[in-house]
Amino acid sequence: MTTETAEAIEIGDDGPASTGSRATRILGTVALLGVALLVLFGLILSPADENQGDSVRIMYVHVPSATLAYIGCFLTTIGSAVYLWRRSQWWDLVAYAGAEVAALFTSITLVTGMLWGRPTWGVFWVWDARLTSTAMLLLLLLGYLAVRHLDADRSVRSKRAAIVGLLLVPNVIIVRESVNWWRTLHQTATISLGDTKLDGLMLFSLFTGFVSLLLVFIWLMIHRFRLAWLEEQVEDEGLDLAIAERRAEGAVS
Amino acid sequence: MILAALTGTWPYVAAAWVIVLGGIGVYALVTVMRGRRLSRRVPPEKRRWS
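As you go down the protein sequences, you meet chains P and D in turn. Here our numbering is used: position 212 in the first sequence is 212, and no number is missing along the way. Positions in the second sequence are counted from 1; adding 1000 to them yields our numbering.
Think of the hints as simulated: they come from the structure by calculation, not from any bench. Just so it is clear, CB atoms sit at the ideal spot from N, CA and C, and this is done for glycine as well. Some clues are possibly wrong.
Stated by the list, open to error - A partial selection of chain P residues facing chain D, derived with a Cβ cut-off under 10 angstroms:
#, residue
1, G42
2, T120
3, E231
Claimed, not checked - Using C-beta positions, here's what the derived DEER-type ranges look like:
#, chain 1, residue 1, chain 2, residue 2, range
4, D, V1018, P, E249, 51 to 57 angstroms
5, D, A1015, P, L150, 47 to 53 angstroms
6, D, V1018, P, F207, 38 to 44 angstroms
7, P, R118, D, W1049, 39 to 45 angstroms
8, D, R1041, P, R183, 51 to 57 angstroms
9, P, H186, D, M1033, 33 to 39 angstroms
10, P, A36, D, P1043, 15 to 21 angstroms
11, P, D49, D, A1015, 17 to 23 angstroms
12, P, P170, D, P1044, 40 to 46 angstroms
13, P, L145, D, L1021, 18 to 24 angstroms
14, D, W1049, P, N180, 38 to 44 angstroms
15, P, L239, D, E1045, 15 to 21 angstroms
Make the full structure from the sequences, and use the hints.
Shown next as structure tokens:
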């Protein structure tokens, strides 16, 4: 590769080479403004709860994180199903990006839940149906990601990961319904259609949490998808190089 | 007031928010850095977004 070509690849037509674009830069800026608004309302302007005190402020990040983890799992299952049906690389990468971002948000949900549980229940952890099923969901996501890193042919790896990916939505249904199916220490849904237990600034803060973290989620999904795309391109390049070297060796001998 | 804040539920609240914002921030940073590194090895015509 000549120096000029290398520079052209590095700089590109729209600035430095990266997974960013004009759209993601705008989205990222709006998401950051949303997060600033969330901090303002969640930590400063919203009042303390009369029963839970200030620990209710954890809800503004815990509940949206859990919802986004479910959305990530949903995307992974859809992507996996479409990949198995049509062998679409695009959907395979959507599934991969969804699983990694869902693993991040599931981890955040578990940790913030523990930090909310300590002042509310007196313990960080109980083997309650909601907590246990969420931990199982995280293990399943980590299993999916482990399969994606198997040292195997890409199509084999994607197929195996897709089979694991299909299990995510059924697991999410178990997590979601666990508080209704079993007697648990965890409360039932904070918000449900027609029966919202919050009002005023608390509800607005939670809404801000949903919107701002959703924007962050979309931004992360786009960047992770593009990163996965680049990983496959680089893998292909390495494979082409290895084949060319083998052929050259064969020609010499 | 400060003592009450330090001994009450605020440490849990602060830890939760730091973990959420810090966790997402670190993940975003790692993803962007890896993207920049790999982008240099892929020609622009294969980076459809740029």
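Do the hints match the structure? See the list:
Annotation: G42/P was flagged as interfacial toward chain D, and the flag holds, the nearest CB pair being 8 angstroms apart, inside 10 angstroms. Below 10 angstroms, beta-carbon pairs count as interface contacts, and T120/P has one with chain D at about 9 angstroms; its hint therefore holds. Residue-level restraint check for E231/P holds (minimum Cβ-Cβ distance to chain D is 6 angstroms; threshold 10 angstroms). The hinted window of 51 to 57 angstroms between V1018/D and E249/P holds, with their beta carbons roughly 54 angstroms apart.
Checking the proposed 47 to 53 angstroms range against A1015/D and L150/P shows it is violated: the Cβ atoms sit about 36 angstroms from each other. About 22 angstroms separates the C-beta atoms of V1018/D and F207/P, a value inconsistent with the hinted range of 38 to 44 angstroms. Hint check: R118/P to W1049/D, Cβ distance near 43 angstroms, so the stated range 39 to 45 angstroms holds. Between R1041/D and R183/P the beta carbon distance is about 55 angstroms. The supplied range of 51 to 57 angstroms therefore holds.
The given range of 33 to 39 angstroms is respected by H186/P and M1033/D, whose C-beta atoms sit roughly 37 angstroms from each other. For A36/P and P1043/D, the hinted distance range of 15 to 21 angstroms is not satisfied, since their beta carbons lie about 38 angstroms from each other. About 18 angstroms separates the C-beta atoms of D49/P and A1015/D, a value consistent with the hinted range of 17 to 23 angstroms. Checked against the hint of 40 to 46 angstroms, the pair P170/P and P1044/D passes, with Cβ atoms roughly 42 angstroms apart.
Taken as a hint, the range 18 to 24 angstroms holds for the pair L145/P and L1021/D, whose Cβ atoms sit roughly 23 angstroms apart. Taken as a hint, the range 38 to 44 angstroms holds for the pair W1049/D and N180/P, whose Cβ atoms sit roughly 42 angstroms apart. Take L239/P and E1045/D: their Cβ atoms lie about 19 angstroms apart, and the range 15 to 21 angstroms holds.
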